[in-house]
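**Q** Sequence:
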Amino acid sequence: MKVPFVKYVMVESVEDLIEAVTGLPKVCEHVHLPLQSGSERVLKAMHRTYTPEKYRKILQRLRERIPGVAVSTDLIVGFSLLGATDIP
Numbered sequence: 425m426k427v428p429f430v431k432y433v434m435v436e437s438v439e440d441l442i443e444a445v446t447g448l449p450k451v452c453e454h455v456h457l458p459l460q461s462g463s464e465r466v467l468k469a470m471h472r473t474y475t476p477e478k479y480r481k482i483l484q485r486l487r488e489r490i491p492g493v494a495v496s497t498d499l500i501v502g503f504s505l506l507g508a509t510d511i512p
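Residue numbering for the sequence shown follows this note's numbering, beginning at 425 and increasing consecutively.
Simulated from the structure, these hints should not be mistaken for lab results.
Treat the hints with care, since some could be wrong.
Simulated restraints on C-beta separations [unchecked claim]:
| hint | residue 1 | residue 2 | range |
| --- | --- | --- | --- |
| 1 | 446 | 470 | 30 to 36 Å |
| 2 | 485 | 460 | 16 to 22 Å |
| 3 | 501 | 449 | 35 to 41 Å |
Backbone N, C-alpha and C fix where the C-beta goes; we use that ideal spot for every residue, glycine too.
Assemble the whole structure, with the sequences as input and the hints as a guide.
**A** This is the structure in structure tokens:
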């Protein structure tokens with residue numbers, strides 16, 4: 425039986441999470457990474473420390489280190505500065 429480990433992952437703590445999941449065989453291979461925008465401009469305006477490229481690198485690292493990892497997300501939308509040019 426696999427045990428759920430964490431429900432919410434901060435971008436800054438992903439490396440610690442990867443190490444924990446790969447080192448504990450009874451932990452589910454599932455990571456939930458919420459994000460607030462795919463626009464670097466909007467993320468900067470929201471004072472977020474991550475970028476779309478950083479998220480792509482995190483996903484790549486997760487897939488390399490945890491074969492078959494399931495990744496889910498919440499997309500938080502509606503920031504007042506979001507415009508048509510911010511949608512990738």
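**Q** Now tell me if each hint is right for this structure.
**A** Going through the hints against the structure:
1. 446 x 470: 30 to 36 Å: Between residue 446 and residue 470, where Cβ atoms are some 31 Å apart, the hint holds.
2. 485 x 460: 16 to 22 Å: 20 Å Cβ-Cβ, so the 16 to 22 Å window holds.
3. 501 x 449: 35 to 41 Å: Holds - the Cβ-Cβ distance for residue 501 and residue 449, about 37 Å, lies within 35 to 41 Å.
Of the numbered hints given earlier, the model fails none.
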